[in-house]
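Visitor: Listed below, chain by chain, are the residues.
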Amino acid sequence: MRAYALRRALGLLPVLLAAVVLTFVANQFVPGDPITTLLSDRSGDTALEARLRAEYGLDRPLWRQFGTYVGGILRGDFGLSFRFASTPVIDVIAPGLLVSPLLAGSALLIGVPLGVALGIFVALRRNSLWDTLVVLLLVAGTSIPNFALAAFLVYLLSVRLGWLPVAGWGTLSQAILPVLLLAIPPIAYVARLSRTYMLEVLQQDYIRTARAKGLSRRLVVYRHALRNTLVPLLTTIGIIFGGLLSGTFVIETLFNIPGLGRMAIQSIFARDYPVTMAIVLLFTFFYAGINLVVDLLYGVIDPRIRLGAGRAGRA
Amino acid sequence: MSLGSPVRATLAVLASALLAVVAPAPGEAKVLRTNLRADPAMVDPITYSELVAGDVMKNLYEGFTEIDKDGGIVPALAVRWEANPDNKGFRVYLRKGVKFHSGREFTAKDVKWTFEQILLPGNKGGLTLTYLKVLEGAQEIQEGKATQLSGVKVIDPYTLDVRFTRPDVLFPIYPFQFMDSGIVAQHGADWHTKVSAGTGPFKFVHWKRGQEVRLAAHKDYWGQAPSVDEISMLIVPSYDTAVSMYEANELDVIDLEAIQARRVLKDPKFKDEILAVPAAQIRYLGMNQNLYAPFKDKRVREAICLSFDREGLVKGLYGGAGAPLYGQITPGVAGYNPNVKPIPYDPVRAKQLMAEAGYPDGKGLPPVKITCEPTFKDELAYYADQFKKVLGMPVEVEIQERGTFIKRMNAGEVPFFPWGWTADYPDAMYFLSQVWYGPSPYNRSRWKNAEFDQLIDRAQGVPDAQARYRLYHTAEQVLLADWGTCPLVVRMQIALRKPNVQGVRLTPFRFLPFNTVKLN
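So the sequences go chain by chain: A and B. Heads up: the first sequence is residues 1 to 315, going by our numbering. Heads up: the second sequence is residues 1 to 520, going by our numbering.
Keep in mind that the hints were calculated from the coordinates and are not lab data. Certain hints may be false.
Below, in silico cross-link-like pairs of lysine to aspartate or glutamate (EDC-like), each with a Cα-Cα straight-line distance of 16 Å or less [what the hints assert, rightly or not]:
no., chain 1, residue 1, chain 2, residue 2
1, B, LYS351, B, GLU401
2, B, LYS298, B, ASP482
3, B, LYS133, A, ASP45
4, B, LYS112, B, ASP161
5, B, LYS153, B, ASP229
6, B, LYS377, B, GLU356
7, B, LYS407, A, GLU55
8, B, LYS208, A, GLU55
9, B, LYS124, B, GLU136
10, B, LYS124, A, ASP33
11, B, LYS145, B, ASP161
12, B, LYS518, B, GLU230
13, B, LYS407, A, ASP45
14, B, LYS448, B, ASP297
15, B, LYS112, A, ASP45
16, B, LYS518, B, ASP229
17, B, LYS369, B, ASP346
18, B, LYS377, B, ASP346
19, B, LYS124, A, GLU49
20, B, LYS269, A, GLU49
21, B, LYS407, A, ASP91
22, B, LYS298, B, GLU356
23, B, LYS341, B, GLU302
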């Protein structure tokens, strides 16, 4: 098991390295000159321009800039922000560092169990009115964009009824709407998957055997069928988490939550490339991290995977 | 449903983390809640160089003078000043009994110290540095050859002499932010992350990056002491969110961008809560005669200025949050001339002028690009369309990334562009001497006129404000009579305040300090 874990962890290194190279290269292709943008109405001050160019290391050859960039990342130093002149990127993003993973994580922890419960509920009532109704809702849940739903709910619950705060971060009531809105797509997604998986599992021979033995329906569903429904679901957690992280961009902006998502949007509009690059890298890191956890859990649950990992590659 | 214990443990950790992060904030009695569009870039007067930072810091720091609610200049930390006969310096008499946030008294040595701190090369002096370069001895400090500023002499605690290398009659009105010279000794070099060192009506409490800047009343303020106990400036980058928060009573005062203000201006329920003031920002059309030969003909320039409808532009594109601009000084900025002649929208006369210049219906005009950055793409499309329709001018629209565009304008490489300039200090000299004065690096359309330059040179040496304004008016007339530019529009600043909030002062230079604000 340890060898398997190590293999999987090492497998992440090329991914992270590729992300570093790509963000750096992409930054070179962005048109315009960050120092001129930073100076704006003082762009005629050549002495100041030279000082800033040196401070940001932009006066050096590209390969040295790349070396400094990679070396800095290894030390946890992402360079200096353009928008917040002379301020290290790390100081800009540190206060919001855990907000997005926390939001995404909370939505995941609410969304997945709810989705599973809902999926099983309708799988057991296949082709009933309940089934049709819930499936309809699930389709709506995946297809209505969350910003539209957010605008509607904020207007209704916050502006009109005054039940919940419009925006902000600091109290539990401020977290309710954003987490809920983030959780809706995964609920719908997981429910549809678990409905399908459950229906499939229920057709299996061992379920019929279990029933034939005279076990209660409850026991058959929750002990025998559920486990095998959860295994394929586990693989989708990584994808769901990725979707949630990108969902934070919109939700954090709408609800004015000081996380990396809102900061990414702000930094893009303010052309604060070092901050944008750092956030892209961090999101890659979070995403890769959750996939590693999923892979490891999968190995724990299904021994075939960790034993055959050498040959089969990715789980 | 059975969840495995690792999952349960994760759930518990996440739930407690969520609770820890969203712990309730303590409530305060009289807190004015307002918005900032972004985090301030800094809260340090030495490196100060940015708009949002200015919105915060004007509540904390003061200069020799300040502006009143009509944009007029009034004494603040200086009570009066006398220009030297050669205009290369001032004697400044400081206000007595002014207390810093630390409780120490403000005196002449703090002025000298502030200037020196901004000039010291290691300190990365910001915007204020621009205004100090005129001081004698400034260069020596900047080059590391001196640490004492020879151009500032402390006569007594309330009197000082400043000496310049060239005449600069505007020195007392520059937006200085005087700091407590004892602050570093008391709080260390990173003092500005903990306290404020000013004399303003509010003092710094905290800055939670991405969330809030909080200020508290400075009870010993020399002027009108604040009526509110604290100001909570919430960082709300989305204006839509800010408006929703305002509607839900989560904010008392909000400021809005003109373009986003359309929704608010149209909505009758905000009617009595709107404040609108023209911004201290000129907008102009740059026509570079070196790059496009037809611009050399004054009739062509005039025709261009007559061929678009300023009123329509304001109504259509600005949603009413603007006003036509007919000169190159905006209303509310000292030196503004209310008698500048309106420029009509006159397509017939414009066509006739083009024909007189030898380009009937645009025939014979070489193609030209009209350029701007993405923010103004709609406005740009309107101008291009009008020039094509009315004058038959072969104009191509070009949108360029901001940094590239600014660089090209500075280099004098953009033939045709709409652009603007925002005043940093409350005097029309800012517009005239930076955008239209020949030697200025920001004369981006390269319009040059010897008479105009002479008038500006003369005005720099006239300490009497009224006499100086007369020179501005003459210079502005020279520019307009030559059709050196087409003034475009002036943007309105829009703010909302709840009916229970009184004394909010919105000026061409944004909000004044909130010490006059009362919450009922």
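Visitor: Confirm or reject each hint.
Guide: Each hint tested on the structure:
no.: 1; hint: B:LYS351 - B:GLU401; result: violated (33 Å)
no.: 2; hint: B:LYS298 - B:ASP482; result: holds (7 Å)
no.: 3; hint: B:LYS133 - A:ASP45; result: holds (12 Å)
no.: 4; hint: B:LYS112 - B:ASP161; result: holds (10 Å)
no.: 5; hint: B:LYS153 - B:ASP229; result: violated (38 Å)
no.: 6; hint: B:LYS377 - B:GLU356; result: violated (31 Å)
no.: 7; hint: B:LYS407 - A:GLU55; result: violated (20 Å)
no.: 8; hint: B:LYS208 - A:GLU55; result: violated (26 Å)
no.: 9; hint: B:LYS124 - B:GLU136; result: violated (20 Å)
no.: 10; hint: B:LYS124 - A:ASP33; result: violated (21 Å)
no.: 11; hint: B:LYS145 - B:ASP161; result: violated (22 Å)
no.: 12; hint: B:LYS518 - B:GLU230; result: holds (12 Å)
no.: 13; hint: B:LYS407 - A:ASP45; result: holds (12 Å)
no.: 14; hint: B:LYS448 - B:ASP297; result: holds (14 Å)
no.: 15; hint: B:LYS112 - A:ASP45; result: violated (24 Å)
no.: 16; hint: B:LYS518 - B:ASP229; result: holds (10 Å)
no.: 17; hint: B:LYS369 - B:ASP346; result: violated (23 Å)
no.: 18; hint: B:LYS377 - B:ASP346; result: violated (24 Å)
no.: 19; hint: B:LYS124 - A:GLU49; result: holds (12 Å)
no.: 20; hint: B:LYS269 - A:GLU49; result: violated (47 Å)
no.: 21; hint: B:LYS407 - A:ASP91; result: violated (30 Å)
no.: 22; hint: B:LYS298 - B:GLU356; result: holds (11 Å)
no.: 23; hint: B:LYS341 - B:GLU302; result: holds (14 Å)
Violated hints, listed in ascending order, are 1, 5, 6, 7, 8, 9, 10, 11, 15, 17, 18, 20 and 21; each of the other numbered hints is respected by the structure.
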